[in-house]
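Visitor: Chain residues, written in single-letter form:
Number of protein chains: 2
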Amino acid sequence: MVFRMDITMPKKFVQLLVFNLTLTEIVLSGNVLIWPTDGSHWLNIKIILEELIQRNHNVTVLASSTALFINFNPDSPVNLEVIPVSYLKSNIESVIEHVIKLWLDHRPTPLTLWTFYKELGKFLDTSFRINIQICDGVLNNPKLMAKLQKGGFDVLVADPVTLCGDLLALKLGIPFVYTLRFSPASTVERHCGKIPAPASYVPAALSELTDQMTFGERVKNIISYSLQDYIFQSYWGEWNSYYSKVLGRPTTLCEIMGKAEIWLIRTYWDFEFPRPYLPNFEFVGGLHCKPAKPLPKEMEEFVQSSGEDGVVVFSLGSMVKNLTDERANLIASALAQIPQKVLWRYKGKKPATLGANTRLYDWIPQNDLLGHPKTKAFITHGGTNGIYEAIYHGIPMVGVPMFADQPDNIAHMKAKGAAVEVNINTMTSEDLLSALRTVINEPSYKENAMRLSKIHHDQPVKPLDRAVFWIEFVMRHKGAKHLRPAAHNLTWFQYHSLDVIGFLLACVATAIFLVTKCCLFSCRKFCKTGKKKKRE
Amino acid sequence: MVFRMDITMPKKFVQLLVFNLTLTEIVLSGNVLIWPTDGSHWLNIKIILEELIQRNHNVTVLASSTALFINFNPDSPVNLEVIPVSYLKSNIESVIEHVIKLWLDHRPTPLTLWTFYKELGKFLDTSFRINIQICDGVLNNPKLMAKLQKGGFDVLVADPVTLCGDLLALKLGIPFVYTLRFSPASTVERHCGKIPAPASYVPAALSELTDQMTFGERVKNIISYSLQDYIFQSYWGEWNSYYSKVLGRPTTLCEIMGKAEIWLIRTYWDFEFPRPYLPNFEFVGGLHCKPAKPLPKEMEEFVQSSGEDGVVVFSLGSMVKNLTDERANLIASALAQIPQKVLWRYKGKKPATLGANTRLYDWIPQNDLLGHPKTKAFITHGGTNGIYEAIYHGIPMVGVPMFADQPDNIAHMKAKGAAVEVNINTMTSEDLLSALRTVINEPSYKENAMRLSKIHHDQPVKPLDRAVFWIEFVMRHKGAKHLRPAAHNLTWFQYHSLDVIGFLLACVATAIFLVTKCCLFSCRKFCKTGKKKKRE
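So the protein sequences, as listed, match chains A and B. Be aware that the first sequence starts at -9, since it is given in the working numbering, and climbs by one per residue. Be aware that the second sequence starts at -9, since it is given in the working numbering, and climbs by one per residue.
Just chain A, with the same shape it has in the complex (with noise of 0.2 Å):
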């Protein structure tokens, strides 16, 4: 017997009226809101929202008319209300290419670090008005406001890449959950959501330093966390005035996504260097990760053809389907010349120098053939769910990164020596062939993998579990306000208590100049005193 409960009962109360039955035995049952960003977050978010409904959620998605990636069979139990935008697919591929160019033109190094995040700049205001009419399209659209107010959510959960749902929140009165990767120089996680990240250890995102840093690295590291802030806190003043339009009261963005209950990040502490963070904050790396399935019988029978040798696995992504002729004929002439069989996620034309241990494919199941015990090696552009899977089966990487949180993400895995990087715009095929080579046959990197791949498999309780546990958490108590650090009551010089040392210093000041005059005042009476006494 099923007993189907609302969430926000107490639970003692659901104990007493179920009298022996364990709590496992309820089906507690609450009303989930997504506000996803499309793209690869959606993978992501998609496993959430898998599990939830596992649980017995209802769960019902924002998602644009637009959306590339975010759609449901029509037998889903997942209610999609549908956002009206004006903007067409081909905008969004079109700034999508205009972003991945743009990290390929101004990787950002020392030297082109302004140019890019001027750059960067322009990319954010086309999104910007990308992201604008998404939020028209609910909190300006009575019809489908006044649908959601009737749908009873207990909890919001957002990707806050796309803006908008930490404001729907507040306008439907509920609670809410955010689900992020991270910001450029994590500008939101310690601008709004306070977390610490001192400049001399943690790396600003997007620098693709590590926590060992030189000093000319520090210095750099400083610089792009004072860059991006400069650019993000300028770039937020139309936001600022957006939220404080629709809340009809003056307020900021940082001030509003400060709100959040609970920061779901997708990373944990096999990827992430170690770092300060808030009890509020909850690092649920990899959660989408399981073990492999069998593969389809071909792919199989090519896997085990490859002998003692065994298979290397190659994606670039979701988001990247095309190479130029001379770059695929770069990277396939090199992949001939291993002893090991590849199998190549990739659109474009057949490259000329194909070999024939390397099969091409529209698609692969990633993860199961990264989980198969042939598989030596990961040729990837270094997305965090592609690195996330090779973590969780113990699988040595060569890195091509290209754009957004790629280039930090492959400098994480080699600075944890399970990867080797090969710059796509300036590699040869020798430089692909050797970093193959180094993975595949210097030891240290499969230990590595291995010893990555046993951090992520020796938690107290799994990623998915726990961001769920969160989400329910909040559902179940309206909130996790105590979690919530008091940093958010105070302003900037309160918190780095500028105003009691300036006090304090302030104090010194007058004690050493009353002290002087005092002592000034004595010498001069003492001295005219013994003037006087010698005069006698």
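None of these hints come from the bench; they were simulated from the model. Check each hint, because a few of them may be wrong.
Which copy is meant is left open, because identical chains are indistinguishable; a pair holds if it fits in one copy or across any two.
[Unchecked claim] Under the rule of at most 30 Å between Cα atoms (straight-line distance), these lysine-lysine pairs were calculated in the DSSO-like manner:
1. K452 with K249
2. K468 with K133
3. K468 with K444
4. K471 with K452
5. K339 with K79
6. K140 with K444
7. K406 with K468
8. K471 with K404
9. K471 with K444
Since this is a predicted model, take the numbers as computed values, not measurements.
Starting from the structure of chain A, add chain B where the hints point.
Guide: Relative to chain A, chain B alone:
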């Protein structure tokens, strides 16, 4: 069938070995060495030790020959290694009395802060001499050291209030885990563990402040941090020499303490104010709490005789046995005036004013009483163990704090609305009576206590399981280096980026200097040319 295997065996290997058995069916057994602190601290580590034994580990405890609390039945599975010391039990008892008196006479307020810490410094000298005897009793004891070296220990669990556990672990070449409540002003956690503590909202230990501070309180907090830092850093000088001598190389106490793999902190967010922490800090407060067992027959009858009014539980903890006649009478006369029945743990002379509703007991089953449905309030000295039992069962408190962390603990409970404080030095019968009536009759106290209780019970993993998980993790992986922040490799000025900030300021100053020089030079040249032209 049960397999008994070495904990250090890799999981994969174990899995291969036992084929279809799941890991839960395999007993992973290891050797744990415990370096405890006597007194109420022992009660906490004892629970961890019992759980470790439950999980089939071999546990060895090191305790001085004059330990007050640390003892075992002859049939206990624990190996007790006795450290010979020349001081007497009475010496320890006198130190404890001295400390309690110090706190009662000089309870730190903004006005008595300096006197208090000066007096505390004297106590530290005595405690240093006692602690050094314990250290020497092991480290300069070749027979005991040889025995320990042969023990094949996988981990050492230390309460760092008694120093040298870390040093012993280093000498034995094994990783170590700390379990502690706090160090004064969190000096050890901040300086040696590298946990950040922004003085603007993280109250210094022993300050009795909360996370919501006025300007004046923030001034007091910063002074509190600085003073305690100063006192403890100077006190550490002697320890630095001792540690360097034992290791045969120049080192500091802090450097060695910083090598702790995991810091198990005896609080949680039901008690603690939300604050930044590090991935190798685990908050396991209340790990000793468990559901109430039935009371002894006579006690149950007395409790039941209270009817609708219920009972009040009263204990000043295991360290305070006696009160002055005057104070005992004052307390007893307040208790006599409430309609509740009172169970008072008190070994002193029966007070003349004792009411018919109050019974004295040499010892009470505190947890079982606090978990009894008739219990309305708990009068407590504010030890962490007792407070956690009250939180666990959702019982509001009247705090009568006396020393160490007790005033702080009660300040936490007051801030969370679950306690009222009375000052043991200045209270009248009316004060105690009014406090008791408030927590019993004002519903907010019970509601807040229940709220804390709900937070405590609603964790993804129970505190004791988390504590033991991380000890076993360190045993399995021979440490937890992936959780250790790189801050340990930085000097204090590098940590605060002072060198980088200095360098950047110097760059800016140079740039301003050069630009000014150029401007002046151009200006002069321009002026000269102008004058020349005018003359022409």
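Visitor: Name the hints, by number, that the structure is in violation of.
Guide: Of the numbered hints given earlier, the structure breaks none, since each of them holds.
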